[in-house]
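First residue of the sequence shown? That's 75 in this note's numbering, and the numbers climb one at a time after it.
Hints may be right or wrong, so weigh each one.
To be verified - Derived pair list, reagent style EDC-like, types lysine to aspartate or glutamate, alpha-carbon separation capped at 16 angstroms:
{"#": "1", "residue 1": "Lys135", "residue 2": "Asp150"}
{"#": "2", "residue 1": "Lys139", "residue 2": "Glu80"}
{"#": "3", "residue 1": "Lys166", "residue 2": "Glu204"}
{"#": "4", "residue 1": "Lys188", "residue 2": "Asp163"}
Honestly, the hints are just simulated from the structure, not real lab data.
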Amino acid sequence: MNIITELRASAGLSQQELAALADITRRYIISLEKGIPNSVPIRVLEVLSEGTGVTPDSIRKEYSKSKEMKIEHYIDLVNDALQLSDRNDIIKMDMTDFRYHLEDLTSLSMTQIKFCEYFGINPAALSIYERGACRTMPKEILEVFIKLGFSLEQAGSINVNTCVQ
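Please model the entire structure based on the sequences and the hints provided.
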């Protein structure tokens, strides 16, 4: 269970109550509980700290640590699955095809939001890249490819959605 979820429950707060006290949306609390954002807003840290006695710094560190562990788990899982594929075929794919190729290999959902959740990527960066709004692969996506064992040249070959005109 995620540290945010644990502390929220320990403080006796619903997602909606925590959101109201921290002055953010319930949707953002849900994303924090899924470990999607890279950091926890200070107001959320303060509310959870007040309700549980755990220091904001301890919450922040535990959130970051669990997020990194989750990302490493998915990196390892995908690395194992990629051993079954020819990397030369993969680098001919566009980003969308690559995500769905991973879905076939791993049986994990690889929608944009799930891909971002697994690898700690900002969903907006992936969406913008796949729509062809930027021609250069965003750094955070490139870093995932490097972690997956692709060279810079190979990662750079995986292009934006080729269906975009």
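Do the alpha carbons of lysine 139 and glutamate 80 lie within 16 angstroms of each other, as the hint requires? holds (15 angstroms)
Checking one constraint from the list: CA of lysine 166 to CA of glutamate 204, max 16 angstroms. Satisfied? Judged against 16 angstroms, a Cα distance of about 15 angstroms means the pair holds.
With a cut-off of 16 angstroms on the C-alpha distance, tell me whether lysine 188 and aspartate 163 pass. Since the Cα atoms of lysine 188 and aspartate 163 sit roughly 23 angstroms apart, the hinted pair is violated (cutoff 16 angstroms).
Lysine 135 and aspartate 150: Cα distance at most 16 angstroms? Outside the cut-off at roughly 22 angstroms; violated.
Of the numbered hints listed earlier, those contradicted by the structure are 1, 4.
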